[in-house]
Each structure stands twice: as structure tokens, then as C-alpha cells.
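Assemble the whole structure, with the sequences as input and the hints as a guide.
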Amino acid sequence: MVIHGYELTVVDDRGTPVRSIGDEASVPGFWKRLFTSLGLSKKNGVAVPEAILWDGRSDRGEFVEDGEYTVTLRAWDDKKRTVTGPPIVV
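With our numbering, letter number 31 in the sequence shown gets 45, and the count goes up by one each step, no holes.
Treat the hints with care, as some may be off.
To be verified - Across the chosen pairs, the derived CB separations fall in these ranges:
#, residue 1, residue 2, range
1, E21, E82, 13 to 23 Å
2, W90, D69, 20 to 30 Å
3, E38, A65, 17 to 27 Å
4, R28, G59, 17 to 27 Å
5, V103, G53, 39 to 49 Å
6, F77, V16, 31 to 41 Å
7, A39, T84, 19 to 29 Å
8, S34, E82, 10 to 20 Å
9, D27, D92, 33 to 43 Å
10, P100, D26, 13 to 23 Å
11, G75, D37, 35 to 45 Å
Unchecked claim - Using 25 Å as the maximum straight-line C-alpha spacing, the simulated SDA-like pairs for lysine to any residue come out as follows:
#, residue 1, residue 2
12, K94, E64
13, K94, G53
14, K94, D27
These aren't lab readings, by the way, just hints derived from the structure by calculation.
The beta carbon of each residue, even a glycine, is placed where N, CA and C say it ideally should be.
Right under this line is the structure:
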């Protein structure tokens with residue numbers, strides 16, 4: 015299985031997303047898909063880091079207010095199968 019992408023999402027106590035951290039492999043072109051389906055080429059994936067750190071900033075780079083935030087990690091493979099971890103309140 016090849017990890018195609020992952021996303022760590024941070025939402026505030028009102029459910030508003032404040033930060034998204036992740037990566038996703040680019041969609042291959044026709045020839046790459048053909049060679050991969052024939053077993054002549056390897057599938058592209060992303061390197062998932064050992065740890066993902068949130069520095070308390072929003073997507074705009076500003077520090078968010080003190081309070082409760084919920085963090086969720088989601089990952090998916092090249093067949094669009096998705097796994098979502100349990101939400102963690104920080």
C-alpha cells in the first residue's frame with residue numbers, strides 16, 4: 015500500500031478549521047498510470063513524517079487564541095481508501 019496523502023486538521027471549539035498541515039502526491043499522467051498498471055513503474059506516494067507539530071498558529075501564520083482545539087489526522091492511499099484517527103482535544 016502506498017500512502018497518497020495525509021492531513022492534520024485543527025479546529026477551534028466552534029468547529030471552525032484554523033490550521034491544516036499535510037501533503038498529497040501529485041496525480042500521475044497517462045503514461046505513468048499505464049506503466050504503473052503494467053507493473054513497469056512504482057506508484058508515487060508521500061513520506062509521512064514520524065511526528066507532525068502544530069506551533070499554535072493559524073493557516074494565516076497568526077497565533078490562535080487560548081482555548082480548546084481538536085486535532086484530527088486523516089490519511090489515504092492511492093485507491094482513495096481513507097483512515098481517520100480519533101479526535102484529540104488539546
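Quick rundown of the hints versus the structure:
At roughly 20 Å, the beta-carbon separation of E21 and E82 lies within the given 13 to 23 Å, and the hint holds. Taking 20 to 30 Å as the suggested C-beta distance range, the pair W90 and D69 conforms, at roughly 25 Å. At roughly 19 Å, the beta carbons of E38 and A65 sit within the given window of 17 to 27 Å. R28 and G59 have their C-beta atoms about 35 Å apart, which leaves the hinted 17 to 27 Å range violated.
Take V103 and G53: their Cβ atoms lie about 45 Å apart, and the range 39 to 49 Å holds. Between F77 and V16 the C-beta distance comes to about 36 Å, which sits within the given range of 31 to 41 Å. For the pair A39 and T84, the supplied restraint of 19 to 29 Å holds, since their beta-carbon distance comes to about 27 Å. Checking the proposed 10 to 20 Å range against S34 and E82 shows it holds: the Cβ atoms sit about 18 Å from each other.
Between D27 and D92 the Cβ separation comes to about 35 Å, which falls inside the hinted range of 33 to 43 Å. Checked against the hint of 13 to 23 Å, the pair P100 and D26 passes, with Cβ atoms roughly 18 Å apart. With their beta carbons about 19 Å apart, G75 and D37 fall outside the hinted range of 35 to 45 Å. The hinted pair formed by K94 and E64 meets the criterion: a straight-line CA distance of about 22 Å does not exceed 25 Å.
Our distance criterion of 25 Å between C-alpha atoms is met by K94 and G53, whose separation comes to about 19 Å. Our distance criterion of 25 Å between C-alpha atoms is broken by K94 and D27, whose separation comes to about 29 Å.
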